[in-house]
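A.B. asks: Take a look at the letters that make up each chain.
Number of protein chains: 2
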Amino acid sequence: MMRTPLRRIAVFLTIVYAAALVAALRAQQPASDGPRYANGTNLMRPADYREWIYLSSGMGMTYKDGAAGSTTFSNAFVNPSSYRAFMQTGQWPDKTIFVLEFRNSDSEKFINRSGRFQTELSGVEAEVKDARFPDGWAYFQFKSGAASAAPLAGSTVTECIDCHTKNTAVEHTFVQFYPTLLDVARAKKTLKPGFR
Amino acid sequence: MMRTPLRRIAVFLTIVYAAALVAALRAQQPASDGPRYANGTNLMRPADYREWIYLSSGMGMTYKDGAAGSTTFSNAFVNPSSYRAFMQTGQWPDKTIFVLEFRNSDSEKFINRSGRFQTELSGVEAEVKDARFPDGWAYFQFKSGAASAAPLAGSTVTECIDCHTKNTAVEHTFVQFYPTLLDVARAKKTLKPGFR
Numbered sequence: 001m002m003r004t005p006l007r008r009i010a011v012f013l014t015i016v017y018a019a020a021l022v023a024a025l026r027a028q029q030p031a032s033d034g035p036r037y038a039n040g041t042n043l044m045r046p047a048d049y050r051e052w053i054y055l056s057s058g059m060g061m062t063y064k065d066g067a068a069g070s071t072t073f074s075n076a077f078v079n080p081s082s083y084r085a086f087m088q089t090g091q092w093p094d095k096t097i098f099v100l101e102f103r104n105s106d107s108e109k110f111i112n113r114s115g116r117f118q119t120e121l122s123g124v125e126a127e128v129k130d131a132r133f134p135d136g137w138a139y140f141q142f143k144s145g146a147a148s149a150a151p152l153a154g155s156t157v158t159e160c161i162d163c164h165t166k167n168t169a170v171e172h173t174f175v176q177f178y179p180t181l182l183d184v185a186r187a188k189k190t191l192k193p194g195f196r
Numbered sequence: 001m002m003r004t005p006l007r008r009i010a011v012f013l014t015i016v017y018a019a020a021l022v023a024a025l026r027a028q029q030p031a032s033d034g035p036r037y038a039n040g041t042n043l044m045r046p047a048d049y050r051e052w053i054y055l056s057s058g059m060g061m062t063y064k065d066g067a068a069g070s071t072t073f074s075n076a077f078v079n080p081s082s083y084r085a086f087m088q089t090g091q092w093p094d095k096t097i098f099v100l101e102f103r104n105s106d107s108e109k110f111i112n113r114s115g116r117f118q119t120e121l122s123g124v125e126a127e128v129k130d131a132r133f134p135d136g137w138a139y140f141q142f143k144s145g146a147a148s149a150a151p152l153a154g155s156t157v158t159e160c161i162d163c164h165t166k167n168t169a170v171e172h173t174f175v176q177f178y179p180t181l182l183d184v185a186r187a188k189k190t191l192k193p194g195f196r
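In order, the protein sequence lines correspond to chains A and E. Just so you know, this note's numbering puts 88 at position 88 of the first sequence, and the rest follows in order with no gaps. Just so you know, this note's numbering puts 100 at position 100 of the second sequence, and the rest follows in order with no gaps.
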């Protein structure tokens, strides 16, 4: 084998540029934005869900007959990579995480004269699609200040699963309340057969 | 100059890797997410504002005494790079664009029993901070289906400017209605002196 200075330069340049290329491409890859767990199934509370994709808000929404109306807002967010997948397919990929944030509201304060605006955080819940759970979905409520939450279990989760199975527009998700996604699900024909 | 095969390989590899590196680094740079104009000052309606950073929502908010309450939701979004600057400084950089989206709402439909959820789009407005405008700020209302809008002028914009000057918490923006940003402005001490 020849050992000329030029050969050494070629080898050196190859290594330098290849390393730079790998580093640049790696920096380009966003860190995974899906669910993260402690102890296998305890969901870590996402620190940055307010920077995810906003789905929609409701005010005082209840699914139960006779429940008193409230002035609590609910804001729904989804992790960006799963949103991009949904926009392409109308379906949620494994490792999708939805955050439902609850906020108190106020009125007739500052320049506001009527209607309501959001104030303090009053609760954070999550729904996750992840094959690590028996039926592929799990539900979480974060206690105030808690860094993680165990999946809901017992009669509470039975109710969640029952309602998210029977009454949702796409898979186990209330896409009927997310107007921009509802249009996508219609176009991609991924609304559940029973959904009107 | 020597013209050996190895020299040619070194030159070839340098060009290939350098080109790949430049392409990778360029792909990493997000495209500018600030305001885009037709004819200098007509704001192009941002196609992707629903993927920007969500600030907050209100329902039926009015700033005028005696106005009838409505069931219209308003959702506020800001371009991501300006949001990141605000989180660092509590101030808005030049080329910040806010979109205020209005949506109708419905109730007692699907599984919903009380409270309200958002439905069809009913209006899109924008506020821009851009040194190209005389006082550095401009206001826009997009007509249904319009690709761009001229800056509001005349008595309409006088009212906008007057209210956004006197009643806003940070610069010309209603940060008092964006609870996560209000905390940042407090921490960075960028609330306007007159704001309580």
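Be aware that a few hints might be false.
Which copy is meant is left open, because identical chains are indistinguishable; a pair holds if it fits in one copy or across any two.
Below 30 angstroms or equal to it, Euclidean Cα-Cα: the simulated DSBU-like pairs (lysine-lysine) are [to be verified]:
#, residue 1, residue 2
1, K192, K143
2, K188, K109
3, K188, K95
The hints are simulated quantities; they were obtained by calculation from the structure and are not laboratory data.
A.B. asks: Take the hints in turn and mark each one as holding or not.
C.D. replies: Cross-check of the supplied hints:
no. : hint          : verdict
1   : K192 <-> K143 : neither (33 angstroms within a copy, 34 angstroms between copies)
2   : K188 <-> K109 : between (44 angstroms within a copy, 23 angstroms between copies)
3   : K188 <-> K95  : within (21 angstroms within a copy, 36 angstroms between copies)
Of the numbered hints stated above, the single one contradicted by the structure is hint 1.
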